[in-house]
Amino acid sequence: MAESLARTIPASAGAKRASTVAPLLPLVLDRVCYAPHGKPVLHGINLELTHGLRTVILGPNGAGKSLLLRLCHGLIEPTKGRISWAGKSAAAAAHRQGMVFQRPVLLRRKVADNIAHVLAAKGIRRKHRDALVRASLEQAGLTHLADRPARTLSGGEQQRLTIARACVCDPDVLLLDEPSASLDPAAARAVEELVVRIHASGTRIIMTTHDIAQARRLAEEVIFLHHGRLLEHSPAEEFFRAPRDPAAARFIRGELID
Amino acid sequence: MADFQTALLTAIELVIRLDPDLVEIVWLSLKISILAVMLAALIGLPLGAAIALWRFPGRRVLIILLNAAMGLPPVVVGLVVYLLLSRAGPLGPLGLLFTPTAMVIAQCILVTPIIAALTRQTVTDLHEEYDEYLRSIGCGAFRSITTLLWDGRFRLLTAVLAGFGRAIAEVGAVLIVGGNIQHVTRVMTTTIALETSKGNLALALGLGLVLITLAVAVNATATAMSDTARRHHG
Amino acid sequence: MRTLMSYLITMPAVLAGVVLGMTTSWADDDRFITVASTTSTENSGLFADILPRFTADTGIEVRVIALGTGQAIRVARNGDADVLLVHHTESEEQFVADGFGVERYSVMHNDFVIVGPSSDPAQISEMANASIALARIAEHKAAFASRGDDSGTHKKELSLWQTAKVDPAEASGTWYRETGSGMGATLNAASGMNAYALTDRATWIRFGNKGDLVIHVQGDKRLFNPYGVILVNPAKHPHVKSDDGRRFIDWLVGEPGQRAIARYRIEGQPAFFPTMILD
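Chains as they are written, first to last, in the numbering used here: chain F, 166 to 423; chain A, 61 to 294; chain P, 5 to 283.
Excised from the complex, chain F in its bound form:
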């Protein structure tokens, strides 16, 4: 854990991480299906993610993006198929990932204490926590709110807090589930900037969204999901210029698809 202290780098573009522990990637999904209560919602997902890119999982509402993210994080188990992070199961890899949910889940305590709680849960001793909390707040631009009750923050501030919280233990991968879906445009932009800064400090980003414009801004790699099927996986530039899948093309054009 001593390495995490050294590795908490505030926003500095282009800083690459020297990986001194085994990498978490590649992430491999092999014929993954998910059918809770017998009702299939994800069908035969095959996926491999390697590079340290910003990956955006794009698709209309109900496509199964949230479920895919939760499967990767080990919160739910696939009905069929395997998920592995560099050979490890999703559950085993989860502690080196951070996850941000669409609606921020905050404890009824101060902002700083919310971050400290994660550190305590991960077994970091009390004397190391303060420095980590302060660095984390600084990275998210929330230092001035450290002592406020977390639930009194605005929507955007709350979400930046949950992102900072998810990153405090310097995870290898940050998973975000529609992080700005319930925010106004200004707050959404602040969140996006934070995500970019985190990625720059060496954390792999996997994010879901249904917002095409946001995907254009953030994605380096796009995975397109529709009705529980993975229809396309390409570099972002290629995807937006000339999507191979017809459904994807219609989605980009803004035509509602069922």
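No lab work stands behind these hints, which were simulated from the structure alone. Possibly wrong hints are sitting among the right ones.
Mimicking EDC-like on lysine to aspartate or glutamate, the simulated pairs with C-alpha atoms at most 20 Å apart in a straight line are [unchecked claim]: (1) F:K287 with A:D211; (2) F:K287 with A:E192; (3) F:K275 with A:E189; (4) P:K214 with A:E192; (5) P:K145 with P:E182; (6) F:K253 with F:E242; (7) F:K275 with A:D211; (8) F:K275 with A:D287; (9) F:K287 with A:D191.
Go by the hints and put chains A and P onto chain F.
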């Protein structure tokens, strides 16, 4: 009507004069009920949390019984505790009958289901809200429970206050297991019962007013403290 | 894990501290005996008057549990009291015969009275025969509040009905109302519904809620109310404080106790008459 007026005047007079008998009775009532509630909380909070979070066969039935137990008839509890603590009973050698300890035990039995049932409900609601998040950060089982309990602290405080209200107002059980012995096991409620049986209705009513005021004061203090805490820490 | 450890260590420590702190103030280092007696004796105020004298003489505290006679006897049978002091001779003698009591001593006596509404609908006022008075009440179906709780008073009442060859139980719920409660509660009920009732004189004098009720029948030998005291048998219950219990009984039936009883007044009137003849 005259009785009510006399009662009010009696109550005021007793309080202002700091009547030593009254002070002794009030102090004993508070000691017994506060201790009973603390014990009930120590048992009921983890118990309620455990029932909320673990799935086991018969859980539904247990929840129904727990909720029903909130309405346990005090006089029946008193009778059962008496039979247990009596010299002729299994716990006789402890010599606890007709002591304040027996009263604490009886009140604790009455209050624990209230705290446990309300805790269970609170923790269930919070669990729904926090479960995915706590699993995401790899929060262990024990820490998850303490996190949920702490986050629900205001609702749990209300549960504890409800328990206190039940304890301090109870008369049936403490009368049977305590024996209403003067200077030893006589509390506010049993004194009121005694004075009523002597026909001293105005005095009994006056004591009743003192008891109600006491309960209000305890609740007001607790609520003020929690409001302050809420403002400072959210 | 660390949190669990700290919880497991601090919680019992806190709990022990609280329990010790709160209970040391009621620690039982004091020397005391437990006396099971009746609500009527307690409500009369006799104990509050004479027991402090005993404690002053001997340093032994007397803790009185006041219940109905039936309940008091049961408590003594269970060994939850050291001494029994009630007012139903037949039950007391049975208690000794069954081996639960050592010996019965006569302590004092007073009398019962029949009280009722001043309008006296059954017209029993000044009657010499209490049984016949009750029969009259039954005849007129006048409201009567009974203890109904197996107490000394209740047993006395039942024996009076028996002598009058009337069975009021059939009328239970109509004019005959069994409260199943102590003397005070029964008198409250009688006062509230303007009914007749049988009560011991001492409780009656002291009673604060007489309403419209007055004494109608008194003085009949049948209304004699004797009290007996018995030490609970240490052979059956070894933990009984027999030495201090004996000290108490000796004091109570001896001169100091008997004088204290004789001197006790309620509103200027003597309430109990000691068995011992004093000058």
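Hint check results:
Of the pairs offered as hints, the one joining K287 of chain F and D211 of chain A holds, with about 19 Å between alpha carbons and a cut-off of 20 Å not exceeded. Of the supplied pair hints, the one linking K287 of chain F and E192 of chain A holds, its CA atoms being roughly 16 Å apart against a limit of 20 Å. This hinted pair checks out: K275 of chain F and E189 of chain A have alpha carbons roughly 18 Å apart, not beyond 20 Å. Restraint check: the Cα-Cα separation between K214 of chain P and E192 of chain A comes to about 68 Å, which exceeds 20 Å; the hinted pair is violated.
In summary, the hint linking K145 of chain P to E182 of chain P is supported, as the alpha carbons are separated by about 15 Å, within the 20 Å threshold. Between K253 of chain F and E242 of chain F, the direct Cα distance comes to roughly 14 Å. Compliance with the 20 Å bound is thereby established for this hinted pair. As the CA atoms of K275 of chain F and D211 of chain A are separated by approximately 12 Å, the hinted pair is consistent with the 20 Å bound. Our distance criterion of 20 Å between C-alpha atoms is met by K275 of chain F and D287 of chain A, whose separation comes to about 15 Å.
Between K287 of chain F and D191 of chain A, the direct Cα distance comes to roughly 16 Å. Compliance with the 20 Å bound is thereby established for this hinted pair.
The earlier numbered hint that this structure contradicts is number 4, and it is the only one.
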